[in-house]
Every structure is written in structure tokens, then in C-alpha cells.
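Visitor: If you read the protein sequences in the order shown, they are chains A and B.
This note's numbering puts the first residue of the first sequence at 540, with every later residue one more than the last.
This note's numbering puts the first residue of the second sequence at 540, with every later residue one more than the last.
Bear in mind the hints are in silico, worked out from the structure with no lab data behind them.
A virtual CB, placed ideally from N, CA and C, is assigned to each residue, including glycine.
Treat the hints with caution; some may be incorrect.
Simulated DEER-style distance windows between Cβ atoms [as the list claims (entries may be wrong)]: (1) B:GLY571 to A:GLN798: 41 to 49 Å; (2) B:ASP874 to A:TRP841: 50 to 58 Å; (3) B:LEU921 to A:THR659: 25 to 33 Å; (4) A:ARG939 to B:GLY571: 17 to 25 Å; (5) B:LYS761 to A:PRO584: 34 to 42 Å; (6) B:GLY575 to A:ALA809: 30 to 38 Å; (7) B:GLN582 to A:GLN798: 25 to 33 Å; (8) B:ALA993 to A:GLU581: 31 to 39 Å; (9) B:PRO820 to A:LYS764: 26 to 34 Å; (10) B:ILE997 to A:TYR629: 28 to 36 Å; (11) A:LEU909 to B:ASP874: 25 to 33 Å; (12) A:ASP874 to B:PHE812: 21 to 29 Å.
Below, a sample of chain B positions facing chain A; criterion: calculated Cβ distance under 8 Å [unchecked claim]: (13) LEU564; (14) LEU565; (15) PRO607; (16) GLN798; (17) GLY857; (18) LEU885.
2 protein chains.
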Amino acid sequence: MEIIQDVSAQGKSPSTARISLVYLLLLVVTIGCFFGIQHLGEQLPGQAAAVSTTASTPAAPSRLHLLPQVLLALIAIIVTGRLFGAACQYLGQPRVIGEVVAGIALGPSLFGRISPDAMTFVFPQNISPILGVLAQLGVILYMFLVGLELNSGLLRARAHATVAISHASIVTPFLLGAVLALFAYSRYAPAGVSFTSFALFLGVAMSITAFPVLARILTDLKLDKSELGVIALGCAAADDVTAWCLLAFVVGIAKSNLQESVRTILLAGAYVFLMVAVVKPLISSWLSSRKNTDLSSRLAAWILVAVLGSAMITESIGIHAIFGAFLLGAMIPHDSNIAASFRHRLEDVVSILLLPTFFAYTGTRTQIGLLSTTSDWYFCLLIIGVATAGKFGGTVVASRFTGLDWRTSASLGTLMNTRGLMELIVLNIGLDLGVISPILFAMMVLMALATTVATTPILQRLLSLRVEAASQ
Amino acid sequence: MEIIQDVSAQGKSPSTARISLVYLLLLVVTIGCFFGIQHLGEQLPGQAAAVSTTASTPAAPSRLHLLPQVLLALIAIIVTGRLFGAACQYLGQPRVIGEVVAGIALGPSLFGRISPDAMTFVFPQNISPILGVLAQLGVILYMFLVGLELNSGLLRARAHATVAISHASIVTPFLLGAVLALFAYSRYAPAGVSFTSFALFLGVAMSITAFPVLARILTDLKLDKSELGVIALGCAAADDVTAWCLLAFVVGIAKSNLQESVRTILLAGAYVFLMVAVVKPLISSWLSSRKNTDLSSRLAAWILVAVLGSAMITESIGIHAIFGAFLLGAMIPHDSNIAASFRHRLEDVVSILLLPTFFAYTGTRTQIGLLSTTSDWYFCLLIIGVATAGKFGGTVVASRFTGLDWRTSASLGTLMNTRGLMELIVLNIGLDLGVISPILFAMMVLMALATTVATTPILQRLLSLRVEAASQ
């Protein structure tokens, strides 16, 4: 562009005075002219026929109105998440716990307690769906990234183990949850809910493993690519697919619509088969055939479309959208450049902006204040105990069966016991269905939090033990 | 992690048969147990007291309901945007035009024409606010990136030129717009609108320059860092701030609330001063004091918070949120590592996902079908002519005054004549206020599109001419 600079250098640069004069003249002339035009215009007849001026843009005011609220909410979410996350890192917990707690703290459980008005000011009801969608998009993209990281090779090597462990780690807590239902039904079940739905739901709620949180803990502990990490992710994935199918089944029962739930399970199976049998080979062969290995923005766009599409399919099948995203991610070889660079591009926006929104959104719908009496708190402890016994116990026994050593089994059990936000999603569904009461909901939320917080310290202890054992 | 692998290798790996047996047993036992528990549970008394189960989570159903729709809409937006963008690149136009056209095509003007049902299926009314917020976030982040790229050094060198040109390029189209109002008022002004508001609004609408589109055209033509590019961006920025202040003023008049608009202008001025006089020096000194120059995810999070905050401030002041984002971006030295790496992290999500959403969102609220008679089309052409004469003419004259050569002036005039989506935002506001009628709205949209499409070919011609001139 030297050309222009030369030219402009040659061109005599005008003095400030001259510019200002021109400028002033312009203004005066402008205003003068406008008044002239105005004077002429005032005599003109206005149009008689009334014209609908708002019909075509009904959403405009809402948008102009919503934006500042959304900005404020996002700022509050990010800032709180960062602060709590930093605090957790300081306490030796992975920052994800901090972000989860931050989310709950931003809700009625703490922020709403301190000042309900302030909470409704920062998180007004009308932006809730927007935060919800942002949150969901965040989890979808995040789960895709998790899928991308999944080393399916290592997973396949231990497929038996994975499947057996994951099913054991579903069955045990499921049964214990059902047993718990016997004690909870009379006191905590909402009116007019059949014991069957109640027990089924409690069973499912107990057998959830928080895939995203588990994945983040593994990442934070740099274990996500280790064999333990891979088995854990595999089990958690299998767990979740099973659990969501069970959930679909329970939802079916609760809505007294069996075909619906059977259909969901069949379709889910068919989709998984399609992806593994058809899509995966296609991707692999295409990747190996490609010349340039780097990711163009065009390709990135189409990958994004594929992710959203797969998520939409699973969502419309009836299992959660995140499985479609995760499944597609798992179909792409984790060691391909595409995986690496796509991950690099998305990572920040997801972890900085969208995931905290997901945590906050779920947190704003959780009210712990409902636990009033001591017996409530005892029952809450009982729930935590039963959940841990079922998930941890079941996993450990099964992993021993499949020939893993004690410490790996224990670590696996600890990891699988992580409920986190996934549990909260399930609980919200249950609450919407009216299968559980708000107080039971709150108890289960505490259970989810307790099991999640417990994971890292125990895990670190176990791992250090194993390292010692190995070093001897 | 060799340790685990060793251990697991030592651990006897069990046969498929045994696993399957265990697995089958598990299932049978589970189902058996559950029926047992169920049998016990059926005798239990249900809870009498009714418990509100939905109160605490009002937004859940809407979210579960909205997600698939949003996914579908986003897929449609990205795919259409890519296709139209590719087509435009093939035709030698920058892809942004394609994305703009794609947005309008997805709206009632084309898609809605072909099949209204299909359009309402893909873009139902209830997700409109969500797309709106996504679109706004996209523009905010994009404008921050544009600000980051702004070379304020080069800009300051030509400050006089910039200010004079930008004001000339506002005043001329503003006056011509007001004159046009004399002819449009009786036919196209909605009933019950004072000539003053009508003329003022038309004036402002004529003097808009589409900063984002202009910036993208400059980027696409690799001109964004050239002197021409910098002056154009500077003028466009100045133009827009002025235009939005004028708009705030017009809105004030239309709502017959003068203090409001004066307040807006004063606050905007104060905020800009604060940023330039206080924030900019602070950032520069902090940057120079930093040891490690790379961008941690922690820092990125805080930058994002700052961007959203600045956007929120300008939005609540009354000028559009994007100015806060742009202003903050302009305060950060464009050649710092921070700018580069932050840009690199955001770029893709913004350009692939969010900007097309912005184009589509605005497009869905534009209906060109309203132009029925020939005289309507003639008037539409008149509008295009007047808009171009005002913006292009005004800019060229002023740039000659400030000592730029003919070709640079002409290029600048062509660039400043780009209206693009910014115009559509203004028009939507006018439509919401009832200052212009839907048909005039549609005409102005066509004007915006025409001036935008015309820019690149003319510009390329001018630039090649200049290169030839230089090479002689």
C-alpha cells in the first residue's frame, strides 16, 4: 500500500484551522438546510391510510430488551465461576467443582437466599430459556470435544471389561435406589405418583454418572488419556446411554406410554449402530485419503453442522442431545490433526463462556433451602450413602471380576461415583414429570454434589498409593 | 500409566462366555429384585399432602422443547450461509455478501414466499429471541475483534482527515435523505408520524455505514491494515458513533423525549473519553509491564468479561452494544500478542456460527414482497440513487479537501457507501418506532443490499486502476 502513502504524502495535508472551519460551515449549513426542508415538509399532508408498522418485526423489542440482561447474566456467571474455580484449585480440587458450586450459589440456594430481588435482577425469568439454550449448546460442543479425545482403540481392547463394569455400576445403584424408594415413598414422594414410577426414577437417578464432570476431572488430573481414564470414560459413556434409555423408559411409564420408551431405545440402538458401522469407516477412509491435514474454516463449519445435526437427531430420538455430539466425536480418530485443531478452536469459548453458563443455569433451578428438619438431613445422608455404596461398590466388584487390580478398581469406582451436573439434568426431568418432590430433588442435588466433591481427593490418594506400590 | 497396563496384563483377562454369563445373571437378578421391591412398595400408602412439583423449575420444559428447534435453525443458517457464501466467492464477491443474501433468503422474502409453513417450522416465533441474542453476541464479539485489528497509530496520523471525511459523509446523505422525505412523506410515511421525525429518520438511515460489513470486505480484500482500510474503518467508526447518536436523538424526538436523547449523547461522549483517557493508557502500561506475553485461559476469561461489560455499558447508555465492544478492542494495541491470540481463539466460532446467525436473524425480519407497483420500484431506485449520491459524493468531496488523491477518495467513497446489516438494524428500530412503513422498510433494505453488493466490484476496479497508475 506504499502507493497510497506516497500519494497522501504528496497531497498537501490541510491545517487544523482550515479543517475546523470547513467542519463548522458544514454543521451550520446542515442545520440551516434541515430547518428549510422541515419548513417545507410541515405543509405536506400526512398519509391517511393506517399502516401496521410492527407486524413484521414482533421480536425486535424483546431482543433489544433482552440483550443487556443476558450480558449482565453472562458477566455474573463467568466472574463467579472463575472466582469459585480459583478457590477450588487453591483447595486442591479441580476447578470444575468450583464452577458447579458457583452455579448452585448463583441460584435460589444462596444468592436467592441473600437477596431474591438481586437474583431476579441478574437472572430474570425471561432470559432463562436463552441461558438454557446457551448452556445446552455448551454441553453439546463440550461432549463433542470429549468424544474427540476418546481413544476408541484402547477402549475396544477392554470392551468386555467396560461393558460388564458399566452394567454392574448401573444395576447395583439402580436396585439400591429402588430399595431406598421403599423408605422414601410415604414421606417424600409427591402425591398421586405410583410406587413403580417413583422407584424406577430413584433407581435411575442413583445410577447416573456425570460424564462431562468425570471427563473434566480426568482432564484436570491429566488422566484422560490413561488406561484408567479411557475405561472410566467408556464405562461412563455406556452408563449414560443405558441410564438415559432407562430414563426414557421411566418417562414412558410415568406418562403411561410404553411404546414411546421402547421406540426410543430401539431408535437409539439403530443410530449408534449406524454411526459405528457406516459413519466411522467413512470418516477414517476419508481422513486417510486427504492430502492436506490442516483444518480449513470451511471444513470446520461442516464439522460443526455435523455435530449439531447428530445432537439434534439424538435429542429428537428421545435421549439427550449430548449423546449425538459425543458419538460423532468418538467416530473421529482422536489422533487426527482435525481432532486436535478443531478442539483447539472450540475449547476456550466452551470452557470460558458456555460451560459456566450450563452450571449456572442448572444451579439457578436448585433450591437447597427446602431441607428443614434434622430427619430431612439424615435422610439426605442416607441417600448419599446408598448412592455411593451402589455405584462405588458395584463398580469395584465388577472391575475385580474383569481382572483389574484393587487400586484401579477402587479408582474406577470413585470416578463412576461422580454424579455432578448430569444428575441435575435427570433430577430436573423428574421434577418436571412430578415423579419426585422439590425437597427430594434438593437432597439428590446435595448427593450429586457430595459424590462429585469426594471424587478427586480419594482418587488422588488412591493413585499416589498405586504409584508407591509400583515404585516398591 | 504403564503401571496400570502392567497390572491389567498380569490380571487374568476373562473369557467372553464368562462375561456374558455374569452379565445375563445380573440382568435376571436385577429384574427379579425390582419386581420384589415393587411388590413390597405397592402396599405402601402414598403421600396425601400435595406438593407443587413444577414451581421451582418453570423453564425446564421450554428448554427441553426449544433445543431441537434451535439446533435445526442453526444448521439451516450455517448451511445456507456457507452455500451462498461459496457462490459469491465464485462470482468474485466477498462471501459476506453471500451470507447477507442467505440471511434475507431464509426470511419471508424468499423462503417464506416459497413455503411459509416450512419457514415457521425451521424458524418458529418462540426461538426468535434466542437467535436474536446469539446474533447480538456474535456482532459484539466480532466488533471487538474488529477493534482489536484497528491500528490506532495510523488512524491518529490522519485524525483530521478521518473526522472531516466522516462528518461530510454523514451530513450530505443526511440532508439528501431529509429532502427525499419531502417526496416520500405523503406516500410512504405511516399514519400519524410528524414530518420532523420522518425526515430525521430518513436522514439518519441514509447516513449509516455498515461497519461490520465494511470491515469484512476490507478483510476479504486484504485491505484492512492498509492506510485506505484504516481511514475507512476510522471514518466508518466515527460515522457510526455519530449516526447512532443521531438515531438516539431521533428516537428521543419520535418518543417526544428530548432529555433522553441529550443524556444519551452526553453519556456516550463521557464513556469514550473515559476509555481513551484512562483505560487505554492503563492497558498499554500493563501490557508493557507483563513478563510472559502469551494469553492464559484465565486472562482470556477476564478479557471476555471486559468485552461483555463494555458492550453492556454502551447498550444501557442507549447507543448499540457493539460500540462498547469495538471501543474496548480499539483500546488494546493491535500488534500485541494478546490481540493476536485472542482473535485466533474467537475468530472461528464468531465467523462460522454467530455472524451467519446475525445475518439470518435480521433477514428473517425483512419482507421485500411488499413492493407491488412499478412506481414503488422506481422510488426504490430513487432511494438507492440518493443514498449513493449522498454517501459516495460527500465522502469523495471531503477526502479531496483533506488532500487524498482521486482514486483513494473514490475508493473511500465506495467503501463508505456500504450499508449492509447495520442499516437493517437501524431500519428495524425505525419500524418498531413506527417512523417508517413496512414497504419503505423493504425499499431501504434493498438499498442497503444494492449499495453493499456494488462496493466490491467498483473497489476492485478502482484499486487495479491505482495499481496501474502507480506502475506507470
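Visitor: If a hint holds in the structure, say so; if it doesn't, say that too.
Guide: Against the structure, the hints come out as follows:
1. B:GLY571 to A:GLN798: 41 to 49 Å: For A:GLN798 against B:GLY571, whose Cβ atoms are near 25 Å apart, the range 41 to 49 Å is violated.
2. B:ASP874 to A:TRP841: 50 to 58 Å: violated (33 Å)
3. B:LEU921 to A:THR659: 25 to 33 Å: Violated - the Cβ-Cβ distance for B:LEU921 and A:THR659, about 50 Å, lies outside 25 to 33 Å.
4. A:ARG939 to B:GLY571: 17 to 25 Å: holds (23 Å)
5. B:LYS761 to A:PRO584: 34 to 42 Å: Given a distance of about 52 Å, which is not inside 34 to 42 Å, the answer is violated.
6. B:GLY575 to A:ALA809: 30 to 38 Å: Between B:GLY575 and A:ALA809, where Cβ atoms are some 33 Å apart, the hint holds.
7. B:GLN582 to A:GLN798: 25 to 33 Å: holds (29 Å)
8. B:ALA993 to A:GLU581: 31 to 39 Å: Given a distance of about 35 Å, which is inside 31 to 39 Å, the answer is holds.
9. B:PRO820 to A:LYS764: 26 to 34 Å: Once the Cβ atoms are compared, 45 Å apart, the range 26 to 34 Å for A:LYS764 and B:PRO820 is violated.
10. B:ILE997 to A:TYR629: 28 to 36 Å: Given range 28 to 36 Å: violated, Cβ gap about 59 Å.
11. A:LEU909 to B:ASP874: 25 to 33 Å: Violated - the Cβ-Cβ distance for A:LEU909 and B:ASP874, about 55 Å, lies outside 25 to 33 Å.
12. A:ASP874 to B:PHE812: 21 to 29 Å: violated (53 Å)
13. LEU564: violated (10 Å)
14. LEU565: Holds. Min distance 5 Å.
15. PRO607: holds (5 Å)
16. GLN798: violated (20 Å)
17. GLY857: violated (11 Å)
18. LEU885: holds (7 Å)
Consistency with the previously given hints fails for numbers 1, 2, 3, 5, 9, 10, 11, 12, 13, 16 and 17, ordered from lowest to highest.
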